[in-house]
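J.: Listed in order, the protein sequences are those of chains E and R.
So the first sequence is numbered by the working numbering: it starts at 1 and just counts up by one.
So the second sequence is numbered by the working numbering: it starts at 1001 and just counts up by one.
Since the hints were derived computationally from the structure, they do not count as laboratory data.
Take the hints with a grain of salt, since some may be wrong.
Non-contacting residues of chain E with respect to chain R, defined by C-beta distances greater than 10 Å in every case (computed) [stated by the list, open to error]:
1) Lys32
2) Ser33
3) Ser43
4) Ala59
With beta-carbon atoms standing in for the labels, derived distance ranges [said to hold, decoys possible]:
5) Ser1015(R) - Asp65(E): 26 to 32 Å
6) Asp1156(R) - Ala55(E): 42 to 48 Å
7) Leu1070(R) - Asp28(E): 32 to 38 Å
8) Asp64(E) - Asn1065(R): 24 to 30 Å
Within a straight-line C-alpha distance of at most 27 Å, the following computed DSS-like cross-link-like pairs (lysine-lysine) qualify [unchecked claim]:
9) Lys1144(R) - Lys35(E)
10) Lys1110(R) - Lys1144(R)
11) Lys60(E) - Lys1048(R)
12) Lys32(E) - Lys1110(R)
13) Lys1048(R) - Lys35(E)
14) Lys32(E) - Lys1144(R)
Computed from a predicted model, the values in this text were never measured in an experiment.
For each residue, glycine too, the CB sits at the ideal point set by N, CA and C.
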Amino acid sequence: MGALPEQNEDRESDDDGQDIVLDSRIQDAIGKSLKAHYDDLISAPIPDRLLVLLAELEAKERRDDQQ
Amino acid sequence: MISNDFREGLIAELSNLRAFAVSLCGSVQQADDLVQDTMLKAWGNADKFQPGTSLRAWLFTILRNTYYSLYRKRGREVQDSDGTYAQRLAVSGEQESALDLADFRVALAKLSEEHREVLILVGASGLSYEEAAEICGVAVGTIKSRVNRARARLADLLGISSVNDIGPDRNSTAVIRSSPADLART
Chain E
1 MGALPEQNED
11 RESDDDGQDI
21 VLDSRIQDAI
31 GKSLKAHYDD
41 LISAPIPDRL
51 LVLLAELEAK
61 ERRDDQQ
Chain R
1001 MISNDFREGL
1011 IAELSNLRAF
1021 AVSLCGSVQQ
1031 ADDLVQDTML
1041 KAWGNADKFQ
1051 PGTSLRAWLF
1061 TILRNTYYSL
1071 YRKRGREVQD
1081 SDGTYAQRLA
1091 VSGEQESALD
1101 LADFRVALAK
1111 LSEEHREVLI
1121 LVGASGLSYE
1131 EAAEICGVAV
1141 GTIKSRVNRA
1151 RARLADLLGI
1161 SSVNDIGPDR
1171 NSTAVIRSSP
1181 ADLART
């Protein structure tokens, strides 16, 4: 047995993470929480500034088209 | 000339863009700046979008590139503590989840950006492994191994690496598992 390979879990060595298998119930709990996190963000109203920006882009587009 | 389809598609994707942006930035304020920049770029490059392909994937790619080229450094300077947005965001309603959403967000915020983005892309946003790979500019196998590693790291941060941790005994188990440093923080 030689020296243990260097720990590099956050680095870009990839494809060696396949063997980390979590219990399906843990995967399930994480999956549900990810969804809950994301769905909560999705359901937030779009801020006015973004809708205003879109309206401005559209108005500019119409002006450009008329020229 | 911007097509109606493109415009309507963009409007329909705004909430997804925000959700991805908040997850990346960790700050709602910065996320809205990022979405705004993304909208401007998408609008200016609308002719490069290929109808029939996924608009969400296309927009996410723009958002992600913008984030890594312009926002990440700024973010590091501004970020004051772990899980900032977890506290700032209201936790709405009940969710059908074994884990507390606020706890989960704190843990999610502690992940590396690479791990966080891949979990959001594949596990929440409804994109496929193939689309996530394209968005991140890596191979599908890389995405798969990142997802595995990100899940394992997240489970570790949440203290649920073993099945016993997610049962009704979770709270007492969490106390037993806590290190003195953890307890000092609460």
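J.: Against this structure, judge whether each hint is valid.
T.: Quick rundown of the hints versus the structure:
{"no.": "1", "hint": "Lys32", "verdict": "violated (5 Å)"}
{"no.": "2", "hint": "Ser33", "verdict": "violated (4 Å)"}
{"no.": "3", "hint": "Ser43", "verdict": "violated (7 Å)"}
{"no.": "4", "hint": "Ala59", "verdict": "holds (12 Å)"}
{"no.": "5", "hint": "Ser1015(R) - Asp65(E): 26 to 32 Å", "verdict": "holds (28 Å)"}
{"no.": "6", "hint": "Asp1156(R) - Ala55(E): 42 to 48 Å", "verdict": "holds (46 Å)"}
{"no.": "7", "hint": "Leu1070(R) - Asp28(E): 32 to 38 Å", "verdict": "holds (37 Å)"}
{"no.": "8", "hint": "Asp64(E) - Asn1065(R): 24 to 30 Å", "verdict": "holds (26 Å)"}
{"no.": "9", "hint": "Lys1144(R) - Lys35(E)", "verdict": "holds (18 Å)"}
{"no.": "10", "hint": "Lys1110(R) - Lys1144(R)", "verdict": "holds (20 Å)"}
{"no.": "11", "hint": "Lys60(E) - Lys1048(R)", "verdict": "holds (19 Å)"}
{"no.": "12", "hint": "Lys32(E) - Lys1110(R)", "verdict": "holds (19 Å)"}
{"no.": "13", "hint": "Lys1048(R) - Lys35(E)", "verdict": "violated (31 Å)"}
{"no.": "14", "hint": "Lys32(E) - Lys1144(R)", "verdict": "holds (18 Å)"}
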